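Asker: For reference, the chains in residue letters:
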Amino acid sequence: METILEKARTAKERKQESRRKFVKALFRRKVVLFGAIGVLAFILIAVLAPLLAPYDPNKTDFFAALQSPSGAHLLGTDDLGRDVLSRIIYGSRVSLAVGVLAVAIACVAGTFLGMCAAYLGGWADAVIMRSCEALMSIPNTVLAMALIAVFGGGLRNLAIILGLSTVPGYVRMMRAEVLKIKGSDFVMAGKLQGSKNLRLMYKHILPNSLSPIIVMMTQQVGQTILVEAGLSFLGVGVSVPTASWGSMVSDGKAYLLTNPVFAITPGICVAILVICLNMFGDGIRDALDPRLRGDI
Amino acid sequence: MDKLLEVRNIKAQFVTDGNVVNAVDGVSFYLNPGEIIGVVGESGSGKSVTMMSLLQLISSPGRVAGGEVYLENGKDNLLSYPPNGEKMREVRGGKIGMIFQEPMTSLNPVLTVGYQIQETIMLHLGLDKEAARAKAVEMLKLVNIPDAESRFGYYAQQFSGGMRQRIMIAMALAAEPEILIADEATTALDVTTQAQLLEMMQDIAKKTGTSIIIVTHNLGIVAQYAERIYVMYSGHIMEHAGTKALFRRPEHPYTRGLLKAIPRLSDPKGKVLVPIDGLPPNPANRPPYCPFYPRCEYRKERCKEGIPPLRMTEEGHSIACFLSGEELEQREEELSHKLQKETAKKTIKPELCLDIRKVRKYFPVYKGLIRKKIGEVKAIEDITFQVRKGETLGIVGESGCGKTTLARCLMRVYRPDEGEVIFEGTDIARMKDSELISFRPKMQMIFQDPFSSLDPRQTAGSIVGESLKIHHLTKSQEEYEAKVDELFRLVGLSPELRERVPHEFSGGQRQRLGIARALASNPSLIVCDEPISALDVSIQAQIINLLEELQSRLGLTYLFIAHDLAVVKHISDRIMVMYLGRIVEFSDCLDLYEEPLHPYTKALLSAVPDANPDAGRERIPLKGEVPSILKRPAGCPFSDRCNLTEDRCRKETPQLKEVKPGHRVACFLYEQQEDA
Chain A
3 METILEKART AKERKQESRR KFVKALFRRK VVLFGAIGVL AFILIAVLAP
53 LLAPYDPNKT DFFAALQSPS GAHLLGTDDL GRDVLSRIIY GSRVSLAVGV
103 LAVAIACVAG TFLGMCAAYL GGWADAVIMR SCEALMSIPN TVLAMALIAV
153 FGGGLRNLAI ILGLSTVPGY VRMMRAEVLK IKGSDFVMAG KLQGSKNLRL
203 MYKHILPNSL SPIIVMMTQQ VGQTILVEAG LSFLGVGVSV PTASWGSMVS
253 DGKAYLLTNP VFAITPGICV AILVICLNMF GDGIRDALDP RLRGDI
Chain B
291 MDKLLEVRNI KAQFVTDGNV VNAVDGVSFY LNPGEIIGVV GESGSGKSVT
341 MMSLLQLISS PGRVAGGEVY LENGKDNLLS YPPNGEKMRE VRGGKIGMIF
391 QEPMTSLNPV LTVGYQIQET IMLHLGLDKE AARAKAVEML KLVNIPDAES
441 RFGYYAQQFS GGMRQRIMIA MALAAEPEIL IADEATTALD VTTQAQLLEM
491 MQDIAKKTGT SIIIVTHNLG IVAQYAERIY VMYSGHIMEH AGTKALFRRP
541 EHPYTRGLLK AIPRLSDPKG KVLVPIDGLP PNPANRPPYC PFYPRCEYRK
591 ERCKEGIPPL RMTEEGHSIA CFLSGEELEQ REEELSHKLQ KETAKKTIKP
641 ELCLDIRKVR KYFPVYKGLI RKKIGEVKAI EDITFQVRKG ETLGIVGESG
691 CGKTTLARCL MRVYRPDEGE VIFEGTDIAR MKDSELISFR PKMQMIFQDP
741 FSSLDPRQTA GSIVGESLKI HHLTKSQEEY EAKVDELFRL VGLSPELRER
791 VPHEFSGGQR QRLGIARALA SNPSLIVCDE PISALDVSIQ AQIINLLEEL
841 QSRLGLTYLF IAHDLAVVKH ISDRIMVMYL GRIVEFSDCL DLYEEPLHPY
891 TKALLSAVPD ANPDAGRERI PLKGEVPSIL KRPAGCPFSD RCNLTEDRCR
941 KETPQLKEVK PGHRVACFLY EQQEDA
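Chains as they are written, first to last, in the numbering used here: chain A, 3 to 298; chain B, 291 to 966.
I should point out that these hints are in silico values taken from the structure, not numbers from a laboratory. Fair warning: this is a prediction, and the values are worked out from it, not measured in the lab. Some clues are possibly wrong.
[Claimed, not checked] Listed below are the simulated BS3-like cross-link pairs for lysine-lysine, each with C-alpha atoms no more than 27 Å apart in a straight line:
(1) A:LYS198 to B:LYS732
(2) B:LYS947 to B:LYS679
(3) A:LYS193 to B:LYS947
(4) A:LYS182 to B:LYS668
(5) A:LYS23 to B:LYS773
(6) B:LYS732 to A:LYS205
(7) B:LYS759 to A:LYS17
(8) A:LYS14 to B:LYS759
(9) B:LYS657 to A:LYS184
(10) B:LYS765 to A:LYS198
Take the sequences, apply the hints, and build the full model.
Answerer: Shown next as structure tokens:
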């Protein structure tokens, strides 16, 4: 009885052990830790926006328009006299939500479709890939505008539409990866063990084909935020008073020579977020791959 | 005698992660004019790095860390030349030519082969374009490229692997070098092609007076073709001797161990392989004493005092070992008295495990936009044989003979187009995937490549236990844990290693994991697809012995696919020889080796380089190379290479017929005997 309990405990311990190993491998490189802290900070800022913002982001004050940074307004004010810092803090909510949500949708749908195309082949492959090519032949912005015109705007629709328009990239990448891995000996070994298709896909193929997807995701967040900016600029993005980093960049663009802080700071925010996500994403990819984990 | 090339105490280092790895640690050797020498060693022994170092071809992060190289008794140390200077370039290609292992990548695909040879000639011999072209054609003729004149304008991909390697040799010899270094030049080729090439190199060496250094891991090749041999291990030369002396009286413990561990074609069937325990040391943490110490059966305390220098034991024979000849002999005597493990006893039952009837598999070839079917690759056809429970059936043949396709048809990775695959009384040839699942646990497979056949993201434990989970073979978590631990012990691995991932294991250990995975579901049939060909020579015996032991303990039936005929002879009870998708001969193991009947089998057996220079063997030369399966000749598949072809062979396909009890062959030669 004692030994059985011990065995069971060791199995549980083993699981904890491997989790510990993963975390240790993840933060082994300082860059990854830095990235993780950065991403966490952005999330905190977005969540705690009402507490952090010194002013109401949408309160206009025409007498204080286009001020340079000062004690009262740390990053100055915009053309309508709104506090830039507060708008950036609130804007992080929209930008993060749109960016992360859109990428999550694109990644889940793309990974699934790409895997189906490669694994099932034949008609499934042809239908999925031809649809993707059709989708890719329409410029992203035009497609998004058309869809918004049909389904309406709003944060949720925006995220879904932006996500869908980037799906083909994931599908193609995933398909290529799966085709490569599908032919490996270990997949055949799994099949000969008696694994069903679903198990093969989930247990062997998926974990081994995620690396490039993770890298692609971290890069796409920035892209999506910028596309959202473009849409906001065209007036089909987030509705007018709501702050988003993208819309702030396009608003501030007109004042780039006289009041550069207004346009540049939200741009810098996008850049920092993307860099942090990239560093964190690379860390996750490396930690997930036992071959890159190194000696721990 | 004047030495053509002398290398003294050459050292090469690699810097990785701030650590200095001494890949080659003071190697000295020489080469006489017109001589063929062999440098043998396992992977990581530093044999290739030595050759690259003397040509200063090592690139960053590696560097040549010391030593001297003299050519033709010259005064200049080659290593003192700047690596990319004119003098060094003159030596490379001009004085010393080199051929590499991979014929598929060593020729430039966008230039014609003729141009590539021509270029070398113009560069080193200073001939004009026309003369160089004529010389290039002459070189192509020298290496027996048929129709050399027109082949001059062909590209690399228009040639087969063997042909490409001939072209590489032509290129290496084009500048009339005095030395040719062949670094595993025939490893990637089929046995019959390998023999053709090595014989051709031998001929050319005699004709032109070129000296050759054969670098290989294959003891058979050096035994057959080299005059002197250097045995390397872990960056050092362990033994140096004339070929006959080395194989008759190996002195160094490593060489002694190797010769006991490898199966040789000329060995009697019952030979017990004595594996060398342990693994070759990782070059990064080599001990400061004799590198073979941890695996040595002869070691004494004083072996740990330093690295033994090479010392002469008799004229032309030297070893790097502290122990005296008497000490070694004495220990050898003790070891031979030590109770040798008997070859595992096996019991072959009369009932059939596998009954294959007329199996055929063709692969369609599609072309064009609408993927129109334009033909078929006739991978295997008319395959009929039986395997009894508990026996080992060896399947041999060169690449493209269909042995892997056959294995996959039996395992039902592919669905045979025709025929029956009766496994333990049930025909599984037409079953659907879902019906097959219940048969999967009973038939398992061990793969050739231990690196690609294990999921890199799974832990060793979950790889081994996967089929237990899939088929719910254990009732509780505790039972599962215990069973996985037991499987680890069964294949000689510590259960503590369960949480490791595959890349943390060595090749041999990975193959053990592959075997444990196959055993997990308690199978009755295991298909071993070249299970040891990717492993180091000193590790192979460990795996062969493990497979034999498991067979006798668990009553397994093996289908053992391999191209190494010596290994097949050692492990098999019966053997099936395949050629271009058909069975050409099927016989009891001993019968086949003692009295091969089919002309192909005869040629194949005579082409295997045997690691025994004294075994006098008749060499049956074979025309051409294994043709592509797309161009199988009509009639007997072997008809265009056979020396005894008659008209009938080109028109009709001979059927497999029993010539004497238990010995079947598909050849008209033996039918005519019967008729008469």
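Asker: Hints first: check each against the structure and report whether it holds.
Answerer: Here's how the hints hold up against the structure:
1. A:LYS198 to B:LYS732: holds (16 Å)
2. B:LYS947 to B:LYS679: holds (23 Å)
3. A:LYS193 to B:LYS947: violated (37 Å)
4. A:LYS182 to B:LYS668: Roughly 26 Å separates the two Cα atoms, so the pair holds.
5. A:LYS23 to B:LYS773: Roughly 25 Å separates the two Cα atoms, so the pair holds.
6. B:LYS732 to A:LYS205: holds (22 Å)
7. B:LYS759 to A:LYS17: holds (17 Å)
8. A:LYS14 to B:LYS759: holds (17 Å)
9. B:LYS657 to A:LYS184: Distance of about 23 Å is within 27 Å: holds.
10. B:LYS765 to A:LYS198: Distance ~21 Å between LYS765 (chain B) and LYS198 (chain A) Cα, so the pair holds.
This entry does not satisfy hint 3, going by the numbered hints stated previously; all others are met.
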